[in-house]
Amino acid sequence: MNPRAEASDRLMKRTWILTTFLISIAAGAVAAAEQEPLDDRYCVTCHGTDGRGNEGVQAPRLAGMEPWYLRRQLENYRAGIRGAHPDDIEGLAMQPMAAKLTDESIQDIIEWIGNWNYVPAEDTISGDLEAGRALYQSCATCHGADAEGNEALGAPALAGQNDWYMVTQLRNFLAGYRGVHPQDVYGAQMRVMTTSLSGENDINDVIAYINSL
Amino acid sequence: MTRPVSRREFLNLLAAAGGAGAAVKAGSALGLLPDSASASTLDLTAGNGRSAIILGGGLSGLTVAYELGKVGWDCTILEASHRCGGRIFTVRHGTLIDEIGNRQYCEFDDEPHLYFNAGAARIPSTHRTVLGYCKELDVELEVFVNENKTCWVQDNAMLGGRPVRNVEYTTHMRGFMAELMAKAMTETEMDAPFTDGEAETLLGMIRRFGDLNEDDVYRGSFNAGYASDGFIEHGVQKDIIAFRDLLKTRLGMGLMGANEGETGPILMQPRGGMDRIIDGFLRQVGDRVNYRAMVASIQVRDDGVEVAYDQDGSRRQVRADYCFNCIPSHLVTGFEHNFPADYVRSLKYIRRGEAYKAAFQAKERFWEKQDIYGGITWMNNPSRQIWYPVAGIHKRKGVILAGYDFSGGMYHTRMTQEQRIEAHLTDGEKVHPGYRNLVEKPVTVAWHRMNHMLGCAGYWTRILDGAWSAEDEAMFRLLQAPLNGRHYMIGDQISKHAAWMESTLQSAQWAMNDLDRRLRDMPA
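Chains as they are written, first to last, in the working numbering: chain A, 1 to 213; chain B, 214 to 737.
These aren't lab readings, by the way, just hints derived from the structure by calculation.
Please read these numbers as outputs of a predicted model, since none were measured by experiment.
C-beta atoms are modelled at their ideal positions from N, C-alpha and C, and glycine is treated no differently.
Any given hint could turn out to be false.
What the hints assert, rightly or not - Restraint-style ranges between C-beta atoms, simulated for each label pair:
| id | chain 1 | residue 1 | chain 2 | residue 2 | range |
| --- | --- | --- | --- | --- | --- |
| 1 | B | R514 | A | N115 | 26 to 32 Å |
| 2 | A | E75 | B | M735 | 53 to 59 Å |
| 3 | B | K283 | A | A79 | 53 to 59 Å |
Stated by the list, open to error - Short derived list, chain A residues pointing at chain B, Cβ under 8 Å:
| id | residue |
| --- | --- |
| 4 | T49 |
| 5 | N54 |
| 6 | P67 |
| 7 | Y69 |
| 8 | Q73 |
| 9 | L92 |
| 10 | A99 |
| 11 | G114 |
Stated by the list, open to error - With the C-beta cut set under 8 Å, the calculated list includes, among others, these residues of chain A facing chain B:
| id | residue |
| --- | --- |
| 12 | Y42 |
| 13 | V44 |
| 14 | C46 |
| 15 | G48 |
| 16 | R52 |
| 17 | V57 |
| 18 | P96 |
| 19 | M97 |
| 20 | K100 |
| 21 | N115 |
| 22 | A188 |
With the hints as extra help, turn the sequences into a complete structure.
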């Protein structure tokens, strides 16, 4: 996740028309007195201003996330490949939102997110950087030496993501809350890799190291 | 009971049963409160051209706009959603329930009595600030029935799951409790601190409390209702339910206290829905509300507060001398801001509530055929309660609360809409056979997922009903105080008693009084 150089003033320049699924959603609703304009752009309620991430509701940064990774995760959530485990608390909140998305609204959301301003995430985790560096070597194979990500390997950037979110995800992979669905190919790979981490100290150390990149 | 209860044990028992409640009652009788319901004790100085930006059109935000507006401030409210009121939310025909991932439109019939208070639903008669604003804003009130002993108590573990009337449960339980107390009085040497006369008075009350017979034994009571007749012919007493059977359910712990404290009589509600209060405020300050304006940034400066918000696809700026912020703390942390680290830490510390409610429209008022008019049925299943409406007595249809998770609502929140409805139908069937076919048009409100709120009443302490730690107190005071003298967090989240409108209003008044004091102290 490379910080975007673009300034915030280019935000929301695009005017966006949602006629297509406005009609499709409204048709399902009753003839109601109070009809709100409907769209699927709910993202920033949870994910914060410009999708910067919000620790208050444990919703991660979306700004700067790669379009291909966003699409894969939204599609996984929609299909119940991610966010279906009863102990994946945050995933369970995301899943029903994604389940409502059409292909068109996923495309729209990805483009919308692409216009958001990126500001660097605040570090909230500290750990042993040297230990973290050693642990990170196996991560670097896929996620890159600078945690910049690698689309060819299906590995997203880690640099710039909220550290508390990455901690939660490592815990979820380790506990089998994520990466266990048979169709979650990349998640399964990640789950195998996390088995080299033994406990909270390792998790903190490796995340602290990613913060330092 | 094979041995007499010692006096110490007995007094401990009394203290455990009545001590805390007695202390609260004594406290509220000290005359510290205003003489009658009054909206405010505010005495604010004139605005003199000052401006306030109010973030969130919840009850506290509207109160600030109303009160400051009265004394000439220039107020603007930014509200992220299409409606004001926050968790004061009445669902009726056509209402949008904007749950993220589960958007619903309410399909209740379009009649005034067919509504559901999905958030705040009760006004205790001691909540004078709420009642005062109702009076001032011309909001018509009616009595709300909370405890109704004709309602049911149902637990699969008790009597094979057969529901019993609340009055049977509580009458028998009181009888057995009174028998124990009477035994303690008579078998124990009750010298000091009681005189013989006092002991006799106390024993008399115990006998009446439990409807004991002349031998101080409980053998059933007409208080539990008649098995038959009771008017033209002598009534026949209902069979007693064995103490041991009543103890099979833990619902008694809720039941025996349901009519006490803040949920005790008299409670009130606005006629037509709790949002009549919001309507009342909007009649005064509706023109100050900017809807669908989602806050993106809060910058607290030395001479004012700058707020950026997104509306109609563009980012806009507004500046004011002061800012009052009733947006839930867990959403504020997601904005761009220039708050200091300890302030952010306190914002993050408040846990967001998980309360959940559901309702059905009933095709007929089947509960009235069972002598039930208002009140609550208690169930030991995840739906927990059924509330029967006071509104629309003897009309054809009614709206009932079908489920209420008042602490920890994630059980239903995590379900799909279809699963939630099925859960409530299954649970209600245990009390009302045929329930499934008697109700229609379900709505569910999972506050944890409601757009622009993402939580019900926040809580500070990490221990349920526990005391506040010194750390809790310190963080609370930090958030209650104005940041840089300019930015006030308000709402029931900045109170010691969240989830009540009274706390919300008093929080807003506290902030305005604090600001007023600061302004008066400022050098001219």
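Results of checking the hints against the structure:
no.	hint	result
1	R514(B) / N115(A): 26 to 32 Å	holds (28 Å)
2	E75(A) / M735(B): 53 to 59 Å	holds (58 Å)
3	K283(B) / A79(A): 53 to 59 Å	holds (55 Å)
4	T49	holds (4 Å)
5	N54	holds (3 Å)
6	P67	violated (21 Å)
7	Y69	violated (21 Å)
8	Q73	violated (15 Å)
9	L92	holds (5 Å)
10	A99	holds (7 Å)
11	G114	violated (15 Å)
12	Y42	holds (5 Å)
13	V44	holds (7 Å)
14	C46	holds (7 Å)
15	G48	holds (3 Å)
16	R52	holds (7 Å)
17	V57	holds (5 Å)
18	P96	holds (3 Å)
19	M97	holds (4 Å)
20	K100	holds (6 Å)
21	N115	violated (11 Å)
22	A188	violated (24 Å)
Hints 6, 7, 8, 11, 21 and 22 from the list above are not met by this structure, while the remaining hints are.
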